[in-house]
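Trainee: Chains as they are written, first to last, in the numbering used here: chain A, 1 to 297; chain B, 1001 to 1226.
No wet-lab data here; the hints were simulated from the structure.
Be careful, since some hints might not be right.
Unchecked claim - In the DSSO-like style, the derived pairs of lysine-lysine whose C-alpha atoms are separated by at most 30 Å in a straight line are: (1) A:Lys71 to B:Lys1044; (2) A:Lys71 to B:Lys1140; (3) A:Lys124 to B:Lys1216.
Stated by the list, open to error - If you anchor each label on the Cβ, the simulated ranges turn out as follows: (4) B:Gln1146 to A:Gln55: 30 to 38 Å; (5) B:Ala1194 to A:Glu103: 20 to 28 Å; (6) B:His1073 to A:Glu119: 22 to 30 Å; (7) A:Leu217 to B:Gln1146: 26 to 34 Å; (8) A:Thr267 to B:Leu1003: 48 to 56 Å; (9) B:Gly1112 to A:Lys71: 48 to 56 Å.
From the three backbone atoms N, C-alpha and C, an ideal C-beta is built for every residue, glycine too.
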Amino acid sequence: MIQVSNLSFSYTNQPFISGMNFSVAPGEIFGFLGPSGAGKSTLQKILIGMLRSYQGSAMVNGIECRSRTKKFYEEIGVDFEFSTMYEKLTARENLLFFSSLYEKKPRPFRELLERVGLEGDADKRVADYSKGMKSRLNFIKALLHDPVLLCLDEPTSGLDPVGSRVMKDMILEEKAKGKTILLTTHNMQDAAELCDRVAFIVGGRICALDSPHSLILSRGAATVTYTWLENGEQSASCPLGRISSDERLKALIAGNRLQSIHSSEPTLDEIFVEITGRELEYKISDNLKPKFIRNVE
Amino acid sequence: MRLKGLFLSDMRFQAKYGFYFLYAFLTVIYIAVLFALPETWREKAAAIFIFSDPAAMGLFFMGAIVLLEKSQHTPCALAVSPVRAGEYLAAKVGSLTVISLAVAAVLALAAGVGNLHIVLPGTVLSSAVFSLLGMIAATKIASLNQFILWTIPIETACFVPAVLHLFGVTPAWFRHYPANVCMDMISGRIPSAAGILAAAAVTAVLLLYSRKCVLKMWDSMGGSKI
Chain A
1 MIQVSNLSFS YTNQPFISGM NFSVAPGEIF GFLGPSGAGK STLQKILIGM
51 LRSYQGSAMV NGIECRSRTK KFYEEIGVDF EFSTMYEKLT ARENLLFFSS
101 LYEKKPRPFR ELLERVGLEG DADKRVADYS KGMKSRLNFI KALLHDPVLL
151 CLDEPTSGLD PVGSRVMKDM ILEEKAKGKT ILLTTHNMQD AAELCDRVAF
201 IVGGRICALD SPHSLILSRG AATVTYTWLE NGEQSASCPL GRISSDERLK
251 ALIAGNRLQS IHSSEPTLDE IFVEITGREL EYKISDNLKP KFIRNVE
Chain B
1001 MRLKGLFLSD MRFQAKYGFY FLYAFLTVIY IAVLFALPET WREKAAAIFI
1051 FSDPAAMGLF FMGAIVLLEK SQHTPCALAV SPVRAGEYLA AKVGSLTVIS
1101 LAVAAVLALA AGVGNLHIVL PGTVLSSAVF SLLGMIAATK IASLNQFILW
1151 TIPIETACFV PAVLHLFGVT PAWFRHYPAN VCMDMISGRI PSAAGILAAA
1201 AVTAVLLLYS RKCVLKMWDS MGGSKI
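With the sequences and hints as input, model every part of the structure.
Mentor: Shown next, in the form of structure tokens:
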């Protein structure tokens, strides 16, 4: 579905994306992960034909993105991070308008609205929607024309846990229908749950590319941590692969004295930090903290 | 089908933002002013009213429409849809021309201007020219203040010669200036073939340039510096 070779792009004289190579198979959910300003959204904009002054090759659905025509968009659905709706029109009017732009017969609005819990608000003006409602409406707008490629930018941003769950279930349903999905996010939990493969992007380069599971396994074995009571609560850890040789654990199990036991693997966040040496979210630097706290107070 | 969808959506947008209500109200005011004027002044006053407002409304309202769309990020959605820049332009210009035409027809009838078969095509031509100029300006700006600054030279270049032309103050070599040709038609005078040719050529150039500006605006939604 997507084939990227030696892709480079620059907004100025400095390269912003350089030497990217990857491919995405049909029916795959592929995640672009990285901190803000890493080049994720720029890469997605190249793949949806919005930035065409790139070097190298970016083929999507058999078409080189720089020479795409408007027909290219019949098969692509884009969910931007922000609302792209006419605020004075109702949700139904917006869906009616956007579906009229495509040759394909649109998917039934009612079904989609029901699925994201907006059926009761379909005739409300989008201006009166909350951020989460706009996010859900924006998402179903991308599905209206039943595209083969879905490009989702932070689809769960601004959603409550229930909304986020519905959205993730819908993304997995689209995958089950054979759709290819590009997911741009800095939410590692979403990526680990949804993506078949993820690419860590930092400074316009891909630092790592693999399935979340393989990345986790490749970063060392999981450990087992257990606790027991002996002059207060005690705890110890041992590698999962050497559990049978931990005499203390065996004794605790034999004496039914374990208080708790659990295994733990490195998270995608930890792997990201380890690979790139950077935190995912912006954090307040230590020397700014006192000033920031004073201002807040 | 897609053009029809865009056209109807633009009309709905204009209705929701009160364009129709505003122009219904303004039409009543203009008619009241026309009837307050001496009868011999009415035809010229109607021509000035039609030229400076319903025909030129596209120049001002295109800025408001495109700025509102930009604030709601809808050009991003259109940029990644099958909509062509020409269709986007045609729908905007066409939907504003509908209002221009309706208001011009009422004012011309109220003022007793003859030759409606010339006045109305003149209104359509003027409306298209002003709307295209409005689109060119709107695609290049990010705030209403910038838009006002852009429109001042356009207004001066279009309105001053046209109003002077209406009162016969035009050098012979300037008769075929497109704004003068539009004013000729709006006041019910048959323009010369050379004038029509000049106006058509200018409209074609504006059409091509405004299409290029729309494409550039959509490209800039991708963040590229052009």
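Trainee: Confirm or reject each hint.
Mentor: Cross-check of the supplied hints:
Only pairs whose Cα atoms come within 30 Å are accepted, and Lys71 (chain A) paired with Lys1044 (chain B) is rejected, the gap being roughly 49 Å. Restraint check: the Cα-Cα separation between Lys71 (chain A) and Lys1140 (chain B) comes to about 27 Å, which is no more than 30 Å; the hinted pair holds. Restraint check: the Cα-Cα separation between Lys124 (chain A) and Lys1216 (chain B) comes to about 33 Å, which exceeds 30 Å; the hinted pair is violated. For Gln1146 (chain B) and Gln55 (chain A), the Cβ-Cβ distance of about 34 Å falls inside the hinted range of 30 to 38 Å, so the restraint holds.
Distance hint check for Ala1194 (chain B) and Glu103 (chain A): the Cβ-Cβ separation is about 44 Å, which falls outside the suggested range of 20 to 28 Å. A hinted range of 22 to 30 Å for the beta carbons of His1073 (chain B) and Glu119 (chain A) is consistent with their spacing of about 25 Å. The hinted range of 26 to 34 Å is not satisfied by Leu217 (chain A) and Gln1146 (chain B), whose Cβ atoms lie roughly 55 Å apart. As the Cβ distance of Thr267 (chain A) to Leu1003 (chain B) is approximately 51 Å, the hint placing it in 48 to 56 Å holds.
Taken as a hint, the range 48 to 56 Å holds for the pair Gly1112 (chain B) and Lys71 (chain A), whose Cβ atoms sit roughly 52 Å apart.
Hints 1, 3, 5, 7 from the earlier list are contradicted by this structure; the remaining hints agree with it.
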